[in-house]
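Asks: Following the hints, complete the assembly by docking chain B onto the known chain A.
Below, each chain spelled out in residue letters.
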Amino acid sequence: MAIVYERPKSLNGAPFTYCPGCTHGIITQQVAAAIDELGIVDDTICVGCVGCGGYIAWFMDTDAIYSLHGRAPANATGIKRMNPDKVVFTYQGDGDLASIGTAEIVQAAHRGEKITTIFVNNATYGMTGGQMAPTTLVGQKTTTSPYGRDAAHCGKPIRMCELLSTIDGAAFIQRVAVNTPGNVRKARAAIKRAFQCQIEGKGFALVEVLSACPTNWGKTPAAALDWIASDMIPYYPLGNFKDFQ
Amino acid sequence: MISSVRFHQDACKGCELCIHFCPKGLIQTDTAVLNANGVHPTKITRQEECVACANCAIMCPDGVITVEKF
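Those protein sequence lines, which keep their order, are chains A and B.
All residue numbers for the first sequence refer to my numbering, where the first residue is 1 and numbers rise by one.
All residue numbers for the second sequence refer to my numbering, where the first residue is 1 and numbers rise by one.
Since the hints were derived computationally from the structure, they do not count as laboratory data.
Relax, there's no trap hidden among the hints.
Chain B stretches covered by chain A per the calculated footprint, using a threshold of three residues with CB under 8 angstroms from any CB of chain A:
1. 15–28
2. 51–60
3. 63–70
Below 27 angstroms or equal to it, Euclidean Cα-Cα: the simulated DSSO-like pairs (lysine-lysine) are:
4. A:K219 <-> B:K24
5. A:K219 <-> A:K141
6. A:K219 <-> B:K43
7. A:K242 <-> A:K156
8. A:K186 <-> B:K69
9. B:K24 <-> A:K186
10. A:K86 <-> A:K186
11. A:K9 <-> B:K43
12. B:K69 <-> A:K192
Incomplete in silico selection of chain A near chain B, CB under 10 angstroms:
13. M1
14. F16
15. P20
16. T23
17. H24
18. I26
19. T28
20. A32
21. V184
22. R188
23. T220
24. A222
25. L225
We put the CB at the ideal spot given by N, CA and C, even for glycine.
Just chain A, with the same shape it has in the complex (with noise of 0.2 angstroms):
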């Protein structure tokens, strides 16, 4: 008998509290299989956001600690200048990362940090209600956008894996999607890769998950995958933006 699939063993049995069907918990447990994968557990520390993805200290069988919201990077900068030989990676949401959190990352890949940040993009902040967060798409509604996004009056989505590109202190950028079986195991492969990049020191890594919030889109589990392929990934393509040798 041989196991095809398992819930990870980086994890600590925890039940997750995300949303049903709340794509956090496919890419929490990508992230958890990646450190199977690699062996890593007892070497790892989590450093977790303020939003949905913070819960992840919470489910995680390694080191965990919270930052305050966007100030991920500079704990984790911090952790890993003390604990060279630990791996330390973050786990941001967009509202995180691309907003409150952008100096810190920017900053954090212009250094070269030799950390690991996993950053999901659902185009929303979940926790808080579903208000409109700087990659919440044209047109789409949200709490604080009722009629939808207007481009004219607040931007158009930030696009973080093609700007954090072009930092020569960022040794990997990829962004990968968990709507089908095969887009999450890429998105594993490019997670383990990310983990990989720290191990070797070649840089900063970071991996844009494009993710579903069923409960803040207003749509099904099925529909709101649906919505990332028809809808999220033109704007934002999948792809690798950087990698290192």
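Replies: Only chain B this time, still in chain A's reference frame:
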């Protein structure tokens, strides 16, 4: 192919993504069970037809599915 698909039904939240992604349509809600989350969890029917692709388990946001094959 002989495979085994097990559901940890207590942790299921009823999002039904496993039903959506099963290429053979083998998964359905188990209306005989109401779990602590207040939903009917999912279960596999016709186990002998399962090819152990594990799409259901990979897309399960709560990791309630374990897939094994002989």
